[in-house]
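Undergrad: Here is what each chain is made of, one letter per residue.
Number of protein chains: 4
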Amino acid sequence: MKNTFGNSLSVTLWGESHGESIGAVLDGLAPGIKVDLDYIAEKLTLRRPSGSISTARQETDPINIESGVFNGYTTGTPLTIRIPNGDTRSKDYSATRFLARPSHADYTAHEKYHGFEDFRGGGHFSGRITAGIVAAGAIVISALEQNGIYIGTHVKKCAGISDGDFTDNIKEEIALLSKKPFAVLSDSVAEKMETAIIEAKENGDSVGGILETAVVGMPIGVGEPWFDSLESSLSHAMFSIPAIKGIEFGAGFGLADMRGSESNDPFRMKDGKITTATNNSGGINGGISNGMPIIFRTVIRPTPTLSRAQETVDMSKMENAVLESRGRHDPCIVHRARIVQDCMTAITLYDAIATRYGTDWAVKGL
Amino acid sequence: MKNTFGNSLSVTLWGESHGESIGAVLDGLAPGIKVDLDYIAEKLTLRRPSGSISTARQETDPINIESGVFNGYTTGTPLTIRIPNGDTRSKDYSATRFLARPSHADYTAHEKYHGFEDFRGGGHFSGRITAGIVAAGAIVISALEQNGIYIGTHVKKCAGISDGDFTDNIKEEIALLSKKPFAVLSDSVAEKMETAIIEAKENGDSVGGILETAVVGMPIGVGEPWFDSLESSLSHAMFSIPAIKGIEFGAGFGLADMRGSESNDPFRMKDGKITTATNNSGGINGGISNGMPIIFRTVIRPTPTLSRAQETVDMSKMENAVLESRGRHDPCIVHRARIVQDCMTAITLYDAIATRYGTDWAVKGL
Amino acid sequence: MKNTFGNSLSVTLWGESHGESIGAVLDGLAPGIKVDLDYIAEKLTLRRPSGSISTARQETDPINIESGVFNGYTTGTPLTIRIPNGDTRSKDYSATRFLARPSHADYTAHEKYHGFEDFRGGGHFSGRITAGIVAAGAIVISALEQNGIYIGTHVKKCAGISDGDFTDNIKEEIALLSKKPFAVLSDSVAEKMETAIIEAKENGDSVGGILETAVVGMPIGVGEPWFDSLESSLSHAMFSIPAIKGIEFGAGFGLADMRGSESNDPFRMKDGKITTATNNSGGINGGISNGMPIIFRTVIRPTPTLSRAQETVDMSKMENAVLESRGRHDPCIVHRARIVQDCMTAITLYDAIATRYGTDWAVKGL
Amino acid sequence: MKNTFGNSLSVTLWGESHGESIGAVLDGLAPGIKVDLDYIAEKLTLRRPSGSISTARQETDPINIESGVFNGYTTGTPLTIRIPNGDTRSKDYSATRFLARPSHADYTAHEKYHGFEDFRGGGHFSGRITAGIVAAGAIVISALEQNGIYIGTHVKKCAGISDGDFTDNIKEEIALLSKKPFAVLSDSVAEKMETAIIEAKENGDSVGGILETAVVGMPIGVGEPWFDSLESSLSHAMFSIPAIKGIEFGAGFGLADMRGSESNDPFRMKDGKITTATNNSGGINGGISNGMPIIFRTVIRPTPTLSRAQETVDMSKMENAVLESRGRHDPCIVHRARIVQDCMTAITLYDAIATRYGTDWAVKGL
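Chains as they are written, first to last, in the numbering used here: chain A, 57 to 422; chain B, 57 to 422; chain C, 57 to 422; chain D, 57 to 422.
Hints may be right or wrong, so weigh each one.
Stated by the list, open to error - Subject to a maximum C-alpha distance of 27 Å in a straight line, what follows is the list of computed DSSO-like cross-link-like pairs (lysine-lysine):
#1 Lys420(D) / Lys420(B)
#2 Lys248(D) / Lys227(D)
#3 Lys90(A) / Lys373(D)
Said to hold, decoys possible - From the derived model, a few chain C residues whose C-beta atoms are all more than 10 Å from chain D:
#4 Tyr149
#5 Thr164
#6 Ile205
Stated by the list, open to error - If you want the footprint, here are the derived chain C segments under chain D, 3+ residues with CB under 8 Å:
#7 228 to 238
#8 311 to 325
To be clear, the hints were calculated from the coordinates, so they are not data collected in a lab.
Glycine is no exception: its CB is placed at the ideal position from the N, C-alpha and C atoms.
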């Protein structure tokens, strides 16, 4: 379904970087969820470029709720959020129309859409579209929190510098992360990462990193065998976020070097409940939540757009060319992407829970 | 859709490890694809346990084509393959009914299905169900090959031992891999891996590894922006394979330590066609195929079932317990999973191409 | 999804009239529903040809449950029923291979599948495939009945002869209909209808009719606005039954000649509950169940296969031709189709309720 | 998918009668389709209330293309149309908040959404939402016409008065209908129908009718067996239009009184092509297009909102009540609904063709 994702709860995205607006239709929310525009705005701020580590484009993200909210609560019918575009300098792009940016979607979009694509600023493939995910996802996050389910993401690695790990107090760590513009667990590494980003920027270069997400409070027994496993759904959702090129759950790729006797998570009774002594499975067994925190990491590639010269081809002349630079851009999007990852996670898990417990679960309770 | 995956081409799975049969319904194949039972049997052999590095369960996998093939060719209507179960020693399991195997789906299935699940041999969560994927996928692989699209997977890592990388002759390497029971590029490592597997087995333990898949001949422009990106579809499909806990495309998690100037793949003209000088993107830009080989890796966790004692809980008594052992099992499934990964890849890519080029593409050509 | 229908509960069909088997995969049933093979067999008997008013083909419909049932209860994982074909006289069809039966799918299937279709006995388009719907639907009907939801269909019209209407005792009438091989409310008309069918048969001709379905006990508030209205879902399901060419809800086409003041159903309190004084809406307002009986009628075309000569074309020679006769066939399928209509209704409504109340509703209660 | 419909081409609707805006996201259009705002405006005019036979609400329907069009052509990415609401007199509705209008969705929406629904003017259930269908559908209609596929709907019956039938010159009749504000084939009946509508209005009453749609130029072989038959898809789409309570294809309910020898459509060669001598099947055999005109009729119930007093209940007090009147409304919507029917037909058929021929068919040709 191209630009629509989800079953019981679905999100439909639209927009181009330099078009009239970008937006999202969220369909399937329970009626009666409180909608707080300030809360949405706060989440959008976490995604917005700011300071010297981001693009100079100023995005103010005015939120227009077009439908689905009445007297401050969700109606249960499609909730549409529209964010008009502003500060679009389209002329930046026309000169380099046919010079495909390496590792960006310019070439593949050109092939797929036969030249009719809106190429300005990456068009429909721009990270700008994720503002719609965040606006929609903010409402879903608040609905999950009202049900004791908390989601948080930190910059596990950026420009080669590593953050610490989630501890046993994940819920509190999530609360702290939700307020930080640059989300790390160990505050001391933030400055190092920012310095490295600025250094890359000054070299006309960019950096990538790893985002780690934790979910606590997930009910047990959610997810489906085979094709709608939680890993399938979450990875499907995450790879929709531009620049993500990998995902791993629990111990992830580290499992390749472990023995079963190390990697297995022994079940243990704790306070009358079944838990696991370790969480190498990342809270998911057989595709289904086991009540432990859901843990996964994604890798974000270095931003493909650079301000230094790059080798490429001219798609109109079919010959080699050099791309000097193109538009404003971010030397790093890892810290901005984390709220997008939170939001896609929220939408995906809300949907999975609704499939199991019905459309009204978020208001009625489980 | 729980046990159904795909749009233009869909696969529906059924079965339990110790039930009557397992099987798959493949719906949406072009009419006129030749169906070769020997070819399907050959692929099933690659999945089947054999020798000292696998479970002692003898699976003969008789193939019953129930529908969708007429005079040796696909009809275009649902193609159903049924594989009756045999050599099932169900009594092995009854004693340990409530002792959830660590990191297996016993506990989550018990929560989700309220005790009505067929618990014998992992029931519907058994790797045995992947025989249906392989039987169906074999037909899809042959349809892709008739269109110049080749898929191959090798054991990139197993028990901590690494295989080499794909070179520039991927098509030939795929041809070689397709014949190998233990698929590695450097034949010398196979023996080392097998030795390590046997050693783990003798210790009542198990090992995991990494599978790397390459696809050559993929048409350019296939895949969708946002929610049906090739990465989204492929990861959704791969995480349906039991034991996979991570996936990465191209340079994958290595991108976290690279600069954009390193990780970007410069476009270059070659023989009049647009190619990239490197392939850190794994053949996918913006979710859409760019004509370069599609490359991805998955991590396979060590088999959770062990023959040594493990700590667990008794789900019926809600108390800690020890699981001595349970049924026959594999000390390693990495080498068996590779053909499953080939087949899920084939089904996913056939579907994506059919969405773009229509239901008859595999016979009519692009 | 071609041969798969439904969201929370889905059914996937396979098979050809003269292939190995026909069958259905039912995915999404709550775990813990009792499965009674005799009950399924009883429903299949209602669909089976019998006596002088049906085809001479003997269908014994042996039921093979391949998966999804354990110790007599549904497991919650895919429930697959396979019915091997028998008494297939394929040679009957080869002579008339290219003579498309008027108003049957021979020609359109030939165009769509380019000649690779299994043409014997209508292949995948045969009414025989509905045995899979009935086998699967019987389980769903029993699950609905355990929740106080009853479905019944009668032959409202056949060969121009009309049956009476449902009264206020629909639940009892449904109970009576469920036992009748030829389901009419007024027993006296059954004989007239059967006589008319035999008369048509003796003339080498066929007849059609109207089926009327009633559902009582439907919970209020089920169905979705716009694209998943109950009317949308039910009609989608009904038009999957071969030979149905029309459907109307409540007063249906009669509404064209009414005024709003006549057709509107006034709300009235009754026993402390909101009801309507009339039911011209057929139990559905705005696509959502209103608690009144759901009532709809479908029209079944006269069986297209006739034993008299018919004008047609020879598809291989592209010239006019005469089709003398082809295979065994039914002079009327209205009475056989009614149980198929019951079953498709059951599957559709179960799915709509599960979307609202979650996957376990049928066992857990609303 | 509640408010999303379609596979290769999907439409997502949003909005409430008195909310900020209503709109539609059309996803999956081929890139390169010319978008003519005047053409869309013209189609919207056909839906808009006007004169004494409609509601007094003035809807100006300003069209805002938010995304998916670049330099006058579709981009291939989501095309979003937003229509801000205007002239909304919400105070009209507050007094009758809990007096459910008979046969309208007030009661079922109240049950489903637990009182959180936007009740003003019917909210999300208002016919106003169909403006989004028309705006989106207009683009699809033009794309179909560029491929020789023409769709037209006439008021077959209104207030008990009948129009004539389509003849052999359907293409020309469609061209004429497309320009008529009150679409009938026999111009003389329009005045009679309008007079009857006004008479009903003066009595505080409303009328319904029948719409008949014809499609010419449909390629042969489109549609799927079983669950995605053209009848299934078209009926699913049509029942999404408020007030439609029945649909029939070809001879429809008339088939109940015919013999097979009358109702069968003999195949005949004509100009080297296979055609049928009659078209009782309405252009569809076995769910698949046979190249003859697709013909179907829907019944539109009399508008449920009346200006005369009606019996109802007060949902807040759970007691009988009288509803005096409520808001502005239409004494008849049959003539307005016809363009909605055209548009839903266009979207449905475009999707079915794209499934068979791929995403680019409308520009690339079949």
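Undergrad: Take a quick look at whether Lys90(A) and Lys373(D) sit within 27 Å of each other, Cα to Cα.
TA: Within the cut-off at roughly 26 Å; holds.
Undergrad: Take the segment 228 to 238 of chain C, compare each residue's beta carbon with every beta carbon of chain D, and decide whether three or more fall closer than 8 Å.
TA: Check failed, 0 qualifying residues.
Undergrad: CA of Lys420(D) to CA of Lys420(B), is that 27 Å or under?
TA: Status holds; Cα separation ~16 Å.
Undergrad: Verify this for me: three or more residues of the segment 311 to 325 of chain C with a beta carbon less than 8 Å from a beta carbon of chain D.
TA: Coverage by chain D holds for the segment 311 to 325 of chain C (15 residues, Cβ < 8 Å).
Undergrad: Looking at Tyr149(C) again, its CB stays over 10 Å from all of chain D?
TA: Given a closest Cβ separation of 16 Å, the condition holds.
Undergrad: Is Lys248(D) close enough to Lys227(D), meaning Cα to Cα at most 27 Å?
TA: Between Lys248(D) and Lys227(D) the Cα gap is close to 26 Å, so the pair holds against 27 Å.
Undergrad: Checking a non-interface call: every C-beta of chain D should be farther than 10 Å from the C-beta of Thr164(C). Is that right?
TA: With a cut-off of 10 Å, Thr164(C) comes too close to chain D, as the shortest Cβ separation is near 4 Å.
Undergrad: Was Ile205(C) rightly flagged as not at the interface, with every chain D Cβ beyond 10 Å?
TA: Holds, because the least Cβ-Cβ distance between Ile205(C) and chain D comes to about 17 Å, which exceeds 10 Å.
Violated hints for the displayed structure, listed by number in ascending order: 5, 7.
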